[in-house]
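Visitor: Generate the whole structure from the sequences, applying the supplied hints.
Read in the UniProt record's numbering, the sequence shown has 130 at position 130, and its numbers run on one by one without any break.
Honestly, the hints are just simulated from the structure, not real lab data. Mixed in with the good hints, there may be bad ones.
[To be verified] Result set (PhoX-like, lysine-lysine): computed pairs, CA atoms no more than 25 Å apart in a straight line:
#1 Lys206 / Lys142
#2 Lys6 / Lys261
#3 Lys261 / Lys250
#4 Lys199 / Lys4
#5 Lys206 / Lys7
#6 Lys298 / Lys44
#7 Lys171 / Lys99
#8 Lys312 / Lys269
#9 Lys104 / Lys171
#10 Lys24 / Lys38
#11 Lys206 / Lys4
#12 Lys99 / Lys183
#13 Lys257 / Lys24
#14 Lys227 / Lys24
#15 Lys215 / Lys6
#16 Lys142 / Lys195
#17 Lys38 / Lys104
#18 Lys99 / Lys38
#19 Lys7 / Lys34
#20 Lys298 / Lys269
#21 Lys192 / Lys142
Just so it is clear, the structure is predicted and the values come from calculations on it, not from any experiment.
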Amino acid sequence: MIVKAKKIEAEISALQALLRRLHKSHQKRTQMEKDLSKRLAGFKGEQSMEYYLSFLPKDYYLIFHHLRLQGDQHHFQMDIFILSPAFFLILEIKHISGKVIFDKDSSQLIRENNEEVEIYSDPVLQVNHQRFQLIKWLEQRKFQPIPIETLVVMTNPSSFIQFTPNSSSYKHTVIRSANFIAKMNALSQKHKEEKLTKKELRKLSKLLIRHHIPKHINVLHQYNIVKSEISTGVHCPECFFIPLDRKGRKWYCPKCKMFSKIAYIASLKDYCLLFQPTITNLEARTFLQITSESTTRKLLMEMNLPHSGTTKGRVYHLYFDDWD
Numbered sequence: 001m002i003v004k005a006k007k008i009e010a011e012i013s014a015l016q017a018l019l020r021r022l023h024k025s026h027q028k029r030t031q032m033e034k035d036l037s038k039r040l041a042g043f044k045g046e047q048s049m050e051y052y053l054s055f056l057p058k059d060y061y062l063i064f065h066h067l068r069l070q071g072d073q074h075h076f077q078m079d080i081f082i083l084s085p086a087f088f089l090i091l092e093i094k095h096i097s098g099k100v101i102f103d104k105d106s107s108q109l110i111r112e113n114n115e116e117v118e119i120y121s122d123p124v125l126q127v128n129h130q131r132f133q134l135i136k137w138l139e140q141r142k143f144q145p146i147p148i149e150t151l152v153v154m155t156n157p158s159s160f161i162q163f164t165p166n167s168s169s170y171k172h173t174v175i176r177s178a179n180f181i182a183k184m185n186a187l188s189q190k191h192k193e194e195k196l197t198k199k200e201l202r203k204l205s206k207l208l209i210r211h212h213i214p215k216h217i218n219v220l221h222q223y224n225i226v227k228s229e230i231s232t233g234v235h236c237p238e239c240f241f242i243p244l245d246r247k248g249r250k251w252y253c254p255k256c257k258m259f260s261k262i263a264y265i266a267s268l269k270d271y272c273l274l275f276q277p278t279i280t281n282l283e284a285r286t287f288l289q290i291t292s293e294s295t296t297r298k299l300l301m302e303m304n305l306p307h308s309g310t311t312k313g314r315v316y317h318l319y320f321d322d323w324d
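Guide: Below, the structure written as structure tokens:
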């Protein structure tokens with residue numbers, strides 16, 4: 001059963017919002033597009049895993065996507081975390097094309113593609129470190145020890161996987177997604193003794209959800225972008241042109257000729273991703289390029305947003321469940 005569903009990562013949505021509102025000739029745009037491409041590839045890999053996860057017995061396995069917990073000093077996030085009464089499993093998902101070389105000695109993953117070489121952190125070490133942090137997290141909450149397995153799942157079927165001579169031990173941890181079900185069957189045979197009751201699993205499941213900490217994203221700081229470089233106005237949800245014109249009670253796109261009553265909502269999502277999760281009437285007017293205070297108030301009230309403060313100093317809390 002899926003307890004925590006997969007959503008698009010906040011970093012992806014924030015980068016998309018930033019690229020939408022940054023000038024086409026901006027000097028950092030190429031790097032942002034490259035970073036976005038990598039993150040989208042990872043998301044595609046996780047999407048492809050849904051097919052294989054669907055074969056797991058729903059009444060036996062509990063599945064969490066992008067679970068992020070607070071460790072002793074740092075947060076740690078697991079791509080996919082699977083609970084069962086007999087063992088737990090952490091999956092690190094990699095969707096990388098080309099020739100992929102695991103090098104244990106240098107703690108690196110090397111990608112070679114069309115004479116281009118890229119170096120990544122060793123995903124086997126990453127997932128093992130997540131395991132170490134999870135063990136400590138469970139110990140601190142008095143959960144009895146249970147076997148915790150780790151796998152690195154390579155989801156791109158066209159990649160060529162290679163191990164350096166001293167990395168042969170990694171072959172037990174690194175698998176292709178097509179081998180996932182067979183590996184799960186092997187793990188269930190290895191761990192037959194149930195350590196937790198279903199009641200204890202439900203208790204742990206609720207605890208994990210309660211302790212999940214969404215990642216705070218600040219892409220402007222990450223790329224050293226100042227607020228004045230961000231284009232304001234309502235963007236077109238179809239062709240992404242900025243800014244739309246306000247005609248009566250609708251927004252009109254002069255590029256693709258689309259009319260919309262609710263186009264402003266997507267732009268408020270951009271504001272939330274790029275700046276902050278709260279907004280005042282003045283801030284909304286400035287960002288959406290609306291002159292009327294009463295019109296802006298009406299639009300914000302129509303969204304049924306939680307708010308605080310008096311009418312004049314009211315602060316609206318932008319809550320969107322679109323990303324993780």
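Visitor: Taking 25 Å as the top limit, are the C-alpha atoms of lysine 104 and lysine 171 close enough?
Guide: Holds: lysine 104 and lysine 171 sit about 11 Å apart, inside 25 Å.
Visitor: Check the hint pairing lysine 142 with lysine 195 against an upper bound of 25 Å on the C-alpha distance.
Guide: Given pair lysine 142, lysine 195 holds - Cα atoms ~14 Å apart, limit 25 Å.
Visitor: With a cut-off of 25 Å on the C-alpha distance, tell me whether lysine 206 and lysine 7 pass.
Guide: holds, 19 Å
Visitor: Is lysine 215 close enough to lysine 6, meaning Cα to Cα at most 25 Å?
Guide: holds, 15 Å
Visitor: Holds or violated: lysine 206 with lysine 4, Cα cutoff 25 Å?
Guide: At roughly 10 Å apart (the allowed maximum being 25 Å), lysine 4 and lysine 206 satisfy the hint.
Visitor: CA of lysine 171 to CA of lysine 99, is that 25 Å or under?
Guide: Since the Cα atoms of lysine 171 and lysine 99 sit roughly 16 Å apart, the hinted pair holds (cutoff 25 Å).
Visitor: Would the hint linking lysine 7 and lysine 34 be met if the CA-CA limit is 25 Å?
Guide: Holds, at roughly 21 Å.
Visitor: Assess, step by step, whether the Cα of lysine 312 is no farther than 25 Å from the Cα of lysine 269, and give holds or violated.
Guide: holds, 23 Å
Visitor: Keeping to a limit of 25 Å between CA atoms, is the pair of lysine 24 and lysine 38 held or broken?
Guide: holds, 20 Å
Visitor: Could you grab the alpha-carbon distance between lysine 99 and lysine 183 and see if it respects the 25 Å cut-off?
Guide: holds, 23 Å
Visitor: Just to be careful, I want the Cα atoms of lysine 199 and lysine 4 compared with a cutoff of 25 Å; is the pair within it?
Guide: Distance ~18 Å between lysine 199 and lysine 4 Cα, so the pair holds.
Visitor: Holds or violated: lysine 298 with lysine 269, Cα cutoff 25 Å?
Guide: holds, 17 Å
Of the hints listed earlier, those the structure fails to meet are numbers 2 and 6, in rising order.
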